[in-house]
Amino acid sequence: MRVILSVLFLFLFMSVGYAEESQPTTAEEEIQQINQQLNQSPKASSIPAKKHFGPFSYPSTNQGLAKIIPDISVIGSLAVAYFKEEPTGEMGHNPARTGFTLQEIEIGFQSVIDPYFRADVFLSINEAGVELEEGYATTLSLPKGLQIKAGKFLLPFGRQNSKHLEQWNFVNAPLISKYLWGPEGLNELGAEIAYTFPTPFFLQLQGTFSNGVNEESFGGERKKDFLYQGRLTTSFDPNEKWILLLGTSGAWGFNSELAGAFTQIYGGDLLIRYKPSSYRALTLQAEYLFRDRELAAGKVLDGGGYAFVDYQFAKRWHAGLRYDQVGWPEGLVAKEFRISPAVTFNPTEFSRLRLQYDFSKVTSQEANHAVTLQLQYVMGSHGAHPF
Amino acid sequence: MKKLFLTILIFMSFTLQAQGKVKIVATLPVFGSIAQEIGGERVEVTSLAAADQDPHFIDAKPSYAVSLNQADLLIEGNMGLESGWLPPLLMQARNPKIMKGAKGYVDASQGIESLEVPQAGVNLFQGDVHPRGNPHLWLDPRAAKIMAVNIYQHLVAIDAEGKSYYDIQLKNFVDQLNQRLKQWSPMTQSWRGKKIITYHRSLSYLAHWLALEVRDTLEPKPGIPPSTRRVEELVKTLQNDKISLLLSEEFYPRSLADYLAQNMKVPLLVIKAQPHAKQKYIDWMDSLLNQIQKTIL
Numbered sequence: 001m002r003v004i005l006s007v008l009f010l011f012l013f014m015s016v017g018y019a020e021e022s023q024p025t026t027a028e029e030e031i032q033q034i035n036q037q038l039n040q041s042p043k044a045s046s047i048p049a050k051k052h053f054g055p056f057s058y059p060s061t062n063q064g065l066a067k068i069i070p071d072i073s074v075i076g077s078l079a080v081a082y083f084k085e086e087p088t089g090e091m092g093h094n095p096a097r098t099g100f101t102l103q104e105i106e107i108g109f110q111s112v113i114d115p116y117f118r119a120d121v122f123l124s125i126n127e128a129g130v131e132l133e134e135g136y137a138t139t140l141s142l143p144k145g146l147q148i149k150a151g152k153f154l155l156p157f158g159r160q161n162s163k164h165l166e167q168w169n170f171v172n173a174p175l176i177s178k179y180l181w182g183p184e185g186l187n188e189l190g191a192e193i194a195y196t197f198p199t200p201f202f203l204q205l206q207g208t209f210s211n212g213v214n215e216e217s218f219g220g221e222r223k224k225d226f227l228y229q230g231r232l233t234t235s236f237d238p239n240e241k242w243i244l245l246l247g248t249s250g251a252w253g254f255n256s257e258l259a260g261a262f263t264q265i266y267g268g269d270l271l272i273r274y275k276p277s278s279y280r281a282l283t284l285q286a287e288y289l290f291r292d293r294e295l296a297a298g299k300v301l302d303g304g305g306y307a308f309v310d311y312q313f314a315k316r317w318h319a320g321l322r323y324d325q326v327g328w329p330e331g332l333v334a335k336e337f338r339i340s341p342a343v344t345f346n347p348t349e350f351s352r353l354r355l356q357y358d359f360s361k362v363t364s365q366e367a368n369h370a371v372t373l374q375l376q377y378v379m380g381s382h383g384a385h386p387f
Numbered sequence: 388m389k390k391l392f393l394t395i396l397i398f399m400s401f402t403l404q405a406q407g408k409v410k411i412v413a414t415l416p417v418f419g420s421i422a423q424e425i426g427g428e429r430v431e432v433t434s435l436a437a438a439d440q441d442p443h444f445i446d447a448k449p450s451y452a453v454s455l456n457q458a459d460l461l462i463e464g465n466m467g468l469e470s471g472w473l474p475p476l477l478m479q480a481r482n483p484k485i486m487k488g489a490k491g492y493v494d495a496s497q498g499i500e501s502l503e504v505p506q507a508g509v510n511l512f513q514g515d516v517h518p519r520g521n522p523h524l525w526l527d528p529r530a531a532k533i534m535a536v537n538i539y540q541h542l543v544a545i546d547a548e549g550k551s552y553y554d555i556q557l558k559n560f561v562d563q564l565n566q567r568l569k570q571w572s573p574m575t576q577s578w579r580g581k582k583i584i585t586y587h588r589s590l591s592y593l594a595h596w597l598a599l600e601v602r603d604t605l606e607p608k609p610g611i612p613p614s615t616r617r618v619e620e621l622v623k624t625l626q627n628d629k630i631s632l633l634l635s636e637e638f639y640p641r642s643l644a645d646y647l648a649q650n651m652k653v654p655l656l657v658i659k660a661q662p663h664a665k666q667k668y669i670d671w672m673d674s675l676l677n678q679i680q681k682t683i684l
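Chains as they are written, first to last, in my numbering: chain W, 1 to 387; chain S, 388 to 684.
Bear in mind the hints are in silico, worked out from the structure with no lab data behind them.
Where is the CB? At the ideal position from N, CA and C, for every residue including glycine.
Among these hints, one or two may not hold up.
Simulated restraints, written as ranges between beta carbons of each label pair [to be verified]:
#, chain 1, residue 1, chain 2, residue 2, range
1, W, G99, S, K623, 42 to 50 Å
2, W, L142, S, Q563, 18 to 26 Å
3, W, F109, S, A547, 38 to 46 Å
4, S, P518, W, F109, 15 to 23 Å
5, S, H663, W, I72, 34 to 42 Å
6, S, K608, W, Q264, 48 to 56 Å
7, W, T98, S, K629, 14 to 22 Å
List time: in silico SDA-like cross-link candidates among lysine to any residue, alpha-carbon distance up to 20 Å [what the hints assert, rightly or not]:
#, chain 1, residue 1, chain 2, residue 2
8, W, K149, S, M478
9, S, K487, W, Y279
10, S, K608, W, I105
11, S, K484, W, L140
Turn these sequences into a full structure, and let the hints steer you where they fit.
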């Protein structure tokens with residue numbers, strides 16, 4: 001390489017008839033020379049060397065940092081809440097009581113394995129103990145646009161389900177999540193194949209095939225009772241300041257009510273973001289899910305959804321308002337709605353404080369009120385999340 | 388359904404049409420600008436972030452994954468600026484050609500000695516510290532030369548046919564830059580040793596190159612916006628020291644800088660942090676230096 005480059009540059013300089021004495025003759029010499037200059041700012045000695053702000057010294061070499069050890073991260077979420085009426089049942093990551101709730105301490109290990117795979121493992125420590133939240137391998141080198149993922153993971157149904165607690169815009173999950181998927185979300189052992197179409201806008205198809213153990217909607221006990229799930233996402237930017245994202249999802253499987261009883265769930269979601277500058281953004285996100293189940297009593301239809309706006313009004317501040325509802329159509333559970341304003345302050349990218357009020361009401365019951373203050377923190381190198 | 392397939396086919400044919408050129412995706416427009424100068428007519432450059440955005444906070448838009456999916460060459464600074472938004476895009480892009488370590492992946496900062504590499508034991512109490520050092524390295528034109536060479540080497544590796552063309556383009560770029568460096572030198576000589584205050588610790592390379600002293604930043608710590616308490620400290624600094632210039636990038640909040648400029652009689656210059664994608668690097672640097680010349684005390 002060096003020889004070729006030198007020959008080439010010599011040739012170039014001769015042919016262009018341009019050869020100053022001090023001019024470097026090869027690209028590598030050029031780099032060397034520039035580095036020398038960078039290293040000793042011209043006549044640096046005449047200016048008293050000033051070490052900037054305590055902990056920094058310069059110049060220093062930019063050493064290669066080999067990536068053998070996986071990225072390890074710890075994300076803690078603690079909530080302190082007041083409920084007029086305490087929630088009942090398993091709450092998953094949601095605040096569970098008046099007083100403190102350890103929502104989760106998530107430990108993540110993420111790394112490229114070899115030229116063909118990467119792996120992501122997330123352990124969730126909560127009050128109940130330690131469990132595997134996600135653990136999957138993803139292909140890296142399939143032909144353009146194709147990707148296969150296998151292991152335990154949150155299925156890509158809608159926008160909320162695949163998000164970890166630290167990506168939520170509110171201290172709790174929308175009512176519909178817990179209602180359709182249970183406290184842990186739709187989290188299955190299986191495989192996903194995804195394909196990104198070579199279109200000028202974003203168009204992605206994901207299909208998953210999994211055990212289908214989810215108790216709220218699936219959990220069929222026969223050998224062949226697998227869960228088939230898919231999602232189609234498209235996104236485009238009307239211009240630089242706007243993002244539009246649309247998704248539609250479906251899941252087909254068998255529930256545990258009767259042998260061979262079928263459950264199908266469909267969902268649609270929408271995200272619009274307007275970001276006029278680096279520290280201002282207005283986001284609208286909405287999602288609706290609909291379930292059709294064969295139960296002993298016959299066909300039961302139910303569903304629900306949510307919509308929220310999130311306004312980032314300063315670099316570190318967000319204000320949000322969410323409306324969510326279940327029992328739409330009503331199915332077997334009473335209609336419930338909830339209105340949740342929240343204010344979020346991110347002191348840095350590594351910590352977060354969030355204050356949220358929930359007003360919720362189940363039809364023909366008294367209204368419930370809750371106030372939650374949440375603290376989240378990240379340590380270590382946590383891989384950024386997809387949009 | 389048929390219609391959908393038809394539209395997809397049409398779009399696919401569009402993407403095929405553009406295949407003649409090397410598709411370059413640059414994370415920041417400054418890399419895109421330099422790549423355009425080296426690649427000339429043989430390349431088609433897309434820059435993800437816009438020049439007027441804070442490069443630390445870019446949304447990982449799905450449309451960026453599309454650009455990356457179709458790219459032959461990716462250029463990133465690899466100093467930590469992109470770590471909050473590029474990795475998930477690369478996962479979504481599913482393009483082995485531009486994965487780290489592939490021929491189509493350019494680490495623009497390779498071979499540049501970075502400033503302000505944190506010493507052992509420094510933790511995040513010091514604010515948002517980049518482990519590999521200050522990432523805003525394009526503000527030193529000598530570093531831009533190395534970036535150009537880095538881009539050149541990868542371009543040649545993936546498009547060998549264009550080698551003789553890229554050779555000339557690289558030489559032109561470096562020659563022009565060397566010429567400008569000579570032209571700028573008399574002007575910038577008179578600034579040596581002057582003290583400046585910047586908003587973020589983003590102009591260290593500029594200061595280092597021109598032997599300016601960054602006396603302080605408006606941010607108390609990197610990434611932490613200045614509070615009201617900060618005003619007093621800065622007023623004190625401005626009283627005790629002769630500060631020749633207050634520099635802030637256009638995307639940072641202006642209130643504190645404006646307040647200090649008005650009340651402390653220190654000139655304020657709001658600058659463009661990097662060239663926009665269609666602007667030549669040299670022209671951007673030239674206008675930046677001329678603006679400083681007009682403003683500096």
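Between the alpha carbons of S/K484 and W/L140, is the straight-line distance 20 Å or under? Since the Cα atoms of S/K484 and W/L140 sit roughly 11 Å apart, the hinted pair holds (cutoff 20 Å).
Does the hinted range 14 to 22 Å hold for W/T98 and S/K629 at CB? Violated, at about 59 Å.
W/L142 and S/Q563, beta-carbon distance inside 18 to 26 Å? violated, 43 Å
A range of 34 to 42 Å was offered for this pair. Does it hold for the Cβ distance of S/H663 and W/I72? 38 Å Cβ-Cβ, so the 34 to 42 Å window holds.
Consistency of beta-carbon spacing, W/Q264 to S/K608, with hint 48 to 56 Å: holds, 53 Å
Holds or violated: S/K608 to W/I105, with C-alpha atoms at most 20 Å apart: Measuring from Cα to Cα gives roughly 28 Å; hence the hint is violated.
Does W/Y279 lie within 20 Å of S/K487 when you go C-alpha to C-alpha? violated, 30 Å
Between W/K149 and S/M478, does the CA-CA distance stay at or below 20 Å? Judged against 20 Å, a Cα distance of about 12 Å means the pair holds.
So does W/G99 sit 42 to 50 Å from S/K623, Cβ to Cβ? holds, 45 Å
Distance restraint hint 15 to 23 Å, applied to the beta-carbon atoms of S/P518 and W/F109: This hint holds: roughly 19 Å between Cβ atoms.
Does 38 to 46 Å hold as the CB distance between W/F109 and S/A547, or does it fail? Taking Cβ atoms as reference, W/F109 and S/A547 lie about 40 Å apart, which means the hint holds.
Violation of the numbered hints given earlier is confined to hints 2, 7, 9, 10; the remaining hints are satisfied by the structure.
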